[in-house]
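**Student:** Using the supplied hints, reconstruct the complex from the two chains, each of which is provided in its own coordinate frame.
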Amino acid sequence: MLNFTKIKIISIYFIFFLLTSFAILNFFSNEESLFNKKVNLGLDLQGGSYLLLEIDTKPLIKERLQDKVIQIKKYLKNNDFKFDSFEINENSINFNLKDDVENRFQKLFFSTKNNNINQYIDQYRTHQFDLLIENNNYTIYFSKYGLLTLNNAAVKQSIEIVRRRIDDLGTKEPTIIQRGEKRIVVELPGLKDPSRIKNLLGKTAQLNFRLVTDEENDFGSEKMISENGEEVIVNKKIIMSGENLVDAQPRLDNQSNKPMVSFTLDRYGAQKFGKVTTNNVGKRLAIVLDNKIISAPVIREAITGGSGTISGNFTFQDVTDLALLLRSGALPTPINIVEERTVGPDLGKDSIISGAISLVIGFLLVVLYMFYKYRLFGLIANVSLISNLSMLIGVLTILEATLTLPGIAGIILTVGMAVDANVLIFERIKEELKTEKSVIHAFDMGYSRAKITVLDANLTTLLATVILFFFGSGPVKGFAVTLGIGIVTTLFSAYFIARHLTSFYVLRNKESIKL
Amino acid sequence: MKYNFNFINYFKKFNYLSLILVSISLTFIIFKGLNYGIDFKGGTLIEIRLENKDIKVSDIRESLKRINLGDINVKNFGEESDFLIKIEKKLNNNETLITEIKETLDKDLNEEVNYRRVESVGPKVSAELLKSGIISIGLALLMMLFYIWFRFEWQFSLGSIIALFHDVIVTLGVFSILSIEINLSIVAAVLTIVGYSMNDTVVIYDRIRENLSKYNKLEINLIANLSVNETLSRTLITSVTTLLALFSIFILGGEILKGFSFAMIMGVIIGTYSSIFVASPVLKYLKVSYKTLEKKEEKIVP
Chain L
970 MLNFTKIKII
980 SIYFIFFLLT
990 SFAILNFFSN
1000 EESLFNKKVN
1010 LGLDLQGGSY
1020 LLLEIDTKPL
1030 IKERLQDKVI
1040 QIKKYLKNND
1050 FKFDSFEINE
1060 NSINFNLKDD
1070 VENRFQKLFF
1080 STKNNNINQY
1090 IDQYRTHQFD
1100 LLIENNNYTI
1110 YFSKYGLLTL
1120 NNAAVKQSIE
1130 IVRRRIDDLG
1140 TKEPTIIQRG
1150 EKRIVVELPG
1160 LKDPSRIKNL
1170 LGKTAQLNFR
1180 LVTDEENDFG
1190 SEKMISENGE
1200 EVIVNKKIIM
1210 SGENLVDAQP
1220 RLDNQSNKPM
1230 VSFTLDRYGA
1240 QKFGKVTTNN
1250 VGKRLAIVLD
1260 NKIISAPVIR
1270 EAITGGSGTI
1280 SGNFTFQDVT
1290 DLALLLRSGA
1300 LPTPINIVEE
1310 RTVGPDLGKD
1320 SIISGAISLV
1330 IGFLLVVLYM
1340 FYKYRLFGLI
1350 ANVSLISNLS
1360 MLIGVLTILE
1370 ATLTLPGIAG
1380 IILTVGMAVD
1390 ANVLIFERIK
1400 EELKTEKSVI
1410 HAFDMGYSRA
1420 KITVLDANLT
1430 TLLATVILFF
1440 FGSGPVKGFA
1450 VTLGIGIVTT
1460 LFSAYFIARH
1470 LTSFYVLRNK
1480 ESIKL
Chain A
228 MKYNFNFINY
238 FKKFNYLSLI
248 LVSISLTFII
258 FKGLNYGIDF
268 KGGTLIEIRL
278 ENKDIKVSDI
288 RESLKRINLG
298 DINVKNFGEE
308 SDFLIKIEKK
318 LNNNETLITE
328 IKETLDKDLN
338 EEVNYRRVES
348 VGPKVSAELL
358 KSGIISIGLA
368 LLMMLFYIWF
378 RFEWQFSLGS
388 IIALFHDVIV
398 TLGVFSILSI
408 EINLSIVAAV
418 LTIVGYSMND
428 TVVIYDRIRE
438 NLSKYNKLEI
448 NLIANLSVNE
458 TLSRTLITSV
468 TTLLALFSIF
478 ILGGEILKGF
488 SFAMIMGVII
498 GTYSSIFVAS
508 PVLKYLKVSY
518 KTLEKKEEKI
528 VP
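Note that the protein sequences, when read in sequence, are chains L and A. Counting from 970, one number per residue, gives the positions in the first sequence under my numbering. Counting from 228, one number per residue, gives the positions in the second sequence under my numbering.
If we strip away everything but chain A, and leave its shape as in the complex, we get (with noise of 0.2 Å):
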C-alpha cells in the first residue's frame, strides 16, 4: 500500500496536542500521584476465592474491620466469588499478621477459605524496588540515547528522547488519571515501551537519513513527510500484530497480566503516534538538514 499523507499540515497542531498532553499528565503524576501497589509502597495483598457466591465484598470488610488492620481495600477481582484484599500496614515484622488474618477469615465467613495469593512486601524491600524500578527507566533512557547517538547524529539522539519522555510520561498519567495500579509488571511494561517506541523512531530515522541524502536539496520537514509515509505501511502493519498479540494477552491472559497489557497496548499506541508525530517533526527544531549529515563526514575523512 501506498500512503501520501501530508503530515506537514497537522505536525504543528499535533506538537500543540503533545505539549498538551505531556501538561495533563505531569499535572496529574505530581498532583495526584501514581497509585503504587504493595511492591513499592509496602504492605499485604490477599488473593482468595469463595465458595459461597452469597459472600459480598462489604462482609469481607466487616469481618477484617475486627483486627486492627488499619487501612484495607477489598475488591473484586475477576471472577465472581474471587476478592483481592489489599492491607497498607507495614509492619517490619509479618510473621503472625497473615495467620491472624487467615484464621479471622474463615471463623467469619464460616468456610474454608482457598488462599490463591498472598504477597508481603516489608517498607525497606518496597522501597529498594521502587528505587531500582526509577533507576532502571532512567538507564534505558540513556542507553537509547547514547545508541541513538552512536548510531546516527545528535540531534536525532535528541529528538528520540524527546518522544521517549513524551511515551513514559504519557503512560504514566494515563496511570494516574485512571487510578490503575503501578507494580513491579508496570516497569516491565514501560521498558519494553521505551524499546518498542524507540524501534518505531528508529526506523522512521532511518529512512529520514537515507532520504537526507537522497533528496539534499528538499527541507527537513518534507524530508520526514516523505520518510513517515513510506515507512507508514509497516508502522501500522507491526503495531497492529503486536496489539493483536496484547489484546489477547489482555481479554484471555487472566487479572494478573490485566495492567501489564493495557500498559503495553496504551504504549504501543503513544510510541506509534510519538514516532510520526513527535520524533519526526522535531528534527526541524533541532535544525537538521543534509548537512548535519555532511558535517560527520568531513569529521571521518579530515
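Just chain L, same shape as in the assembly (with noise of 0.2 Å):
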C-alpha cells in the first residue's frame, strides 16, 4: 500500500490542488471570472426572513363547484334528466335523478371525448370529478387527480403572483419555490422585518365591481356593508374583475388631497366597463375586495376611457399597498403563513464570529493533540486535517452549497472525526510493528488492515448524514451536507494524501522511524 505510481500521485495532487483553488475563490469576488463560485450563507448567517406559506384550497374547491352548479344544471336540463333536490356541500354537488337512468347518466359522465361537464385528464387517464350514486341520489366530487390538478394549478399561480408582489417591494434576490404539493418557501435574505410582506402575501385581494341593487335579480344578491357602515345590498353578478386590471398606481386626488388608487383597464374591461357605467348612471357601484366593500361611489357619468379611481378611508400606505396588490393580481385561493423564522443581521454576524473562533480553536486544539500523541506522524495526519477542510471547502463552493451555523458545526466536527482515520491507521501500525520485523511491510500491512475498518467506521456516519439530508428541514440540512462531504473528504486525505506523505517518509528513513 506503500508504493504509489506516477500518475497516481498526479491525480491525488491535481484533484487536492483543484478542489483547494476552488476554496480560495470564496476569498475573492469577481463577479465576471468563468468560475465565479462562491459558498451562499444561510439566513441564519447572513440574517433575513423565511417564510413558509400554505395554500387553503377549501375555498378554492368551493368556488370551482360554484361554478360548475349552472353548467350542470343545463347539462341535466338538455340531456332530458329529471332533476330535484339540487345542492352544493364543501365538497361535493348532490342530487336526484329520477327514473332509472344510472347507466345512462354514468355513461354520459364518464365519455372520455368532447366531455365538458366532467373534464378527462389525458396525463392522469382520469376525470376530474368522480361520482357516487345512492338509491337515485347521486354526489359528484373531485377525483383524486382532480382535486391534484387543481392544487397544483392553484400553486403555481399563487408563487407567481408570491413574486410578483415581492418582486414590487424591491427585496433583494428573493428565493420562491414551491415546497411538497401545497407549500411555497419564500426566503429574503437582508430582510429585517417581514411583518409589511406578510400582510400583504396575507390577502387574496380580489377585486371586482358590483351593482348596488333594490331590485330581485336571475343571480341573487347579498347584503354587505359599504366602507363607512352603512348597509347595502349587493347585487351577486360580477361586472368586471381584477383580472382586467392593467395597472394600478397611488395617487393623492387632486381636490381633497386624499390618497387613492388610479387604475387603468384592459379593452375587454373598458368596453364593459363603459357599458355598464353608461346605462347605470345614477346607480352605486360597490367596489368589492376580498369580499369586503371598500368603496360604493354612485356612478355620475359613463366611464368609457378605460380608467378610473376608487377613493375611501384609505391611508397612504393603504393605498400604495392596494395598488401594489391590484397590480400583482389576485391568488387563487387564500395563503396562511405556517412558519416564519426571522434572523437580524447583528446575529448573523455574531453567529459567524463564534462559528469561526470556535473552528479556528476546535482546529488547533486538536492539531496540538495529534502532535503530541503522534510526533511526526501526527504532523502528517495534521497535514491531511488541512487538506481536508480545504478540499471540504472546495467541494462546498463547487456545489455553491449554503452555509449555515449548524453546518459550521458540522465543519467543526469533520474536524474532531477526520482524524480518526489516521489514528485507526497509526494504531494499526503500531501493533503490526511489534510482530513485524520488517518497518515498511508493517506501515504495508497497516494500511490494508485498517482499510475495511476507517471505510465500515466512515460509512455508518455517512448513511446518517444521508438520512438528515432527506429529512433535515432548513439550517439542520447544512449541518448533513458539511458532515457528509467532510466524511468523503476524509476518507481520501486519510487514504491518498496522508498515505503518500507517511510512505514518502517511511521509505527514505527505514531505519529510524518511530510511531
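Errors might be hidden in some of the hints.
As a list, the in silico DSSO-like pairs of lysine-lysine whose alpha-carbon atoms are at most 30 Å apart [what the hints assert, rightly or not]:
| # | chain 1 | residue 1 | chain 2 | residue 2 |
| --- | --- | --- | --- | --- |
| 1 | L | Lys1161 | A | Lys240 |
| 2 | L | Lys1479 | L | Lys1403 |
| 3 | L | Lys1031 | A | Lys351 |
Stretch by stretch, here's where chain L covers chain A in the computed footprint (C-beta under 8 Å, at least three residues) [what the hints assert, rightly or not]:
| # | segment |
| --- | --- |
| 4 | 330-344 |
| 5 | 350-360 |
| 6 | 370-383 |
| 7 | 400-414 |
| 8 | 453-463 |
| 9 | 479-486 |
Calculated from the structure, these hints are not laboratory results. Note that the structure is a prediction, hence the values are computed from the model and not measured. All C-beta atoms in this analysis are idealised placements derived from N, C-alpha and C, irrespective of residue type, glycine included.
**Tutor:** Written as C-alpha cells, this is what we have:
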C-alpha cells in the first residue's frame, strides 16, 4: 500500500489543488470570472427572513363547484334528466335523478371525448370528477387527480403572484420555490422585519365591481357593509374583476388631497365598464375586495376611457399597498403563513464570528493533541487534516452550497472526527510493528488491514448524514451537507494524501522510524 | 500505548448499570416527558437585545402580560441584556401577533428593541417536523441494523442496535431530567450520535471478528475483552479529539449551538461507553463464538 505510481500521485495532488483553488475563490470577489462560485451564507448567518406559506384550497374547491352548478343544471336539462334536491356542499354537488337513468348518466358523465361537464385529464388517464350513486342520489366530487390538478394550478399561480408582490417591494434576491404539494418557501435575505410582506401575502386581493341594487334578479344579491358602516344590498353578478386591470398606481386626489388608487383597464374591461356605467348612471357601484366593500361611489357619468379611481378612507400606506396588490393580481386562493423564521443581521454576524472562533480553536486543539500523541506522524495527520478542510470548502464552493450555523458545527465536528481515520491506521501500524520485523511491511499491513475498518466506520456516519439530509429541514440540512462531504474528503485525505506522505517519509527513513 | 484492563470483571456490573440508566431514562421520558421547543410544539420565539441594562426578565414579562398571550416564558439568553421570549399560544394565523408583541415591547421598554431572532411555527408544521424527526431517527437505526447485518452476522447487528438504543434512550433521558429543550438541532445531534456510536462499535466488532478467527479456542468474553483493549487507544484518542472540537463549539460557538453541542458531548461519552460496556459484552448473551463465523462461510461455499 506504500507504492504509488506517478499517475496516481499526480492525480491525487491535482484533485487536491483543484479543490483547494475553488476554496480560495471564496476570498476573492470576481464577478466576471468564469468560475465565479462561492459558498452562500444561510439566512441564519447573513440575516433575513424565511416564510413557509401554505395555500388553502378549501375555498377554491367550493368556488369551482359553484361555477359548475349552472353548467350541470343546463346539462341535465339538455339531456332530459329530471332532477330535484339540487345542493352544493363543501366538497360535492348533490342531486336526485328520477327514473332509472343510472347507466345512461354514467356513460355520459364518464365519456372521454369532448366531455365539457367532466373533463378528461389525459396526463393521469382519469376524469376531473368522480361520481357516487346511492338510490337515485347522485354525488359529484373531485377525483384524486382532479384535486391534484386543481391544487397544482393553484400553487403555480400563487407562486407567480407571490413573486410579483415581493418583487414589487424591491427585496434583494428573494427565493420563491414550491415545497411539497401545497407549500411555498419564501426566503428573503437581509430582510429585518417581514411584517409588511406578511401583510401583503395575507390578502388574496380578489377585486370585483358589482352594482348596488334593490331589485330582485337572476343572480341573487347579498347584504354587505359599506366602508362607512352602512348596510347595502349588492348584486351577486360580477361586472368586472381585477383580472381586467392592467395597472394600478397610488395617487393623491387633486381636489381633496386624499390618497386614492388610479387604475387602467384592458380593452375588454374598458368596454364592459363603459357599457355598465352608461346604463347605470345615478346608481351606486360597489368596489369589493376580498368580499368587503372598500368603496361604493355613485356613478355620476359613463366611464368609457378605460381608467378610473378608487377612493375611500385610506391612508397613503393603504393605497400604496392596494395599488401593489391590484397590480400583482389576485391569489387564486387564500395563503396561510405556517412557519416564519427571521434572523437579524447582527445575530447573523455574531454567529459567524463565534462559529469561526470555535472552528479555529477546535482545530488548534485537535492539531496540538495529534502532534503530542504521534509527533512526526501527527504532523502528517495534521497536514491531511488541513488539506481535508480546504477540500471540504472547495467541494462546498463547487456545489455552491449554503453554509448555515449548524453547517459550521458540522465542519468543526469533521475536524474532530476526521483524525479518526489516521488514528485507526497509526494504531494498527503500531500493532503490526510489534510482530513485524520489516518496518515497511508493517506500515503496508497497517494501511491495508485498517482499510475495511475505516471504511465501515465512516460509512455508518455517512448513512446517518444521508438520512439527515433527506429528512432535515433548513439549517439542519446544512449540517448534513458539511458533515457528509467532510466524511468523503476525510477518506480521501487519509487514504491518499496522508498515506502518500507517510510512504514518502517511511521509504526514505527505513531505519529510524518510531510511532 | 498498550492497554490490558480486565473488563470482564466489570462487564456484569456495567450491564446492570446500563440497565438502570436505561430504566431511569425511560421513566423520565415517559412520566416527565421531553421539553419540546417551538419547532415541535408550535409557538413563537423571540430573541431580543436591549440597550438599557436595567431591564429585567420581570419587566418584559409584565409588559407581555398586558396582551393576552397565554403561557409565556422569558429568560436571560447568553449576555446580560439578551433575552429569549417563548410564547406557546398556537395561532393558525399569526400575521398580526408578532407585530402586536413588538409594538407592546417597544412602548413599554421605552426603547427601540433589537429583535435578533423571531421564529414562529404553526401547529401543523410543528407536528410534521416532530413526525419527520422521529421517522429519521427510526430510519437511521434501521439502516444501521441492516448495514451491520450486511457486513457482519446478525448477532453483531442485534448487539450494535441494542447499544444504539441504549445511547439514544439515555441521551434523551438526560435531556428529560435536565429539561433541556428538544429542537431540530437536537435531532441532528441524536442522528450524529447514532453515526458516531456506530462508528465506535464497528471498530471494536471488526476486531472481535478478526480475533474470533485468530483465537478460535477462546470464549467470546475473553475475545471481547482482548479486542476492546487492543482498540482502546484508538477509542480514547478519537473521543478526545471529537470532544475537543465539541467543547470548542460548546464554549465559544454561541448560544444557538449550546444545546446541540451539549447533546453531542453527552452522546460521544455515552456512545464510547456503550461500545465498550454494552455492545461488546452483549455478544456473549447472543451466543457468539467462532462457530458463528464458520456458519457463514459454509453458506457461502456450499
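**Student:** Tell me, which hint numbers fail for this structure?
**Tutor:** Checked against the structure, the only hint that fails is number 1, while the rest are satisfied.
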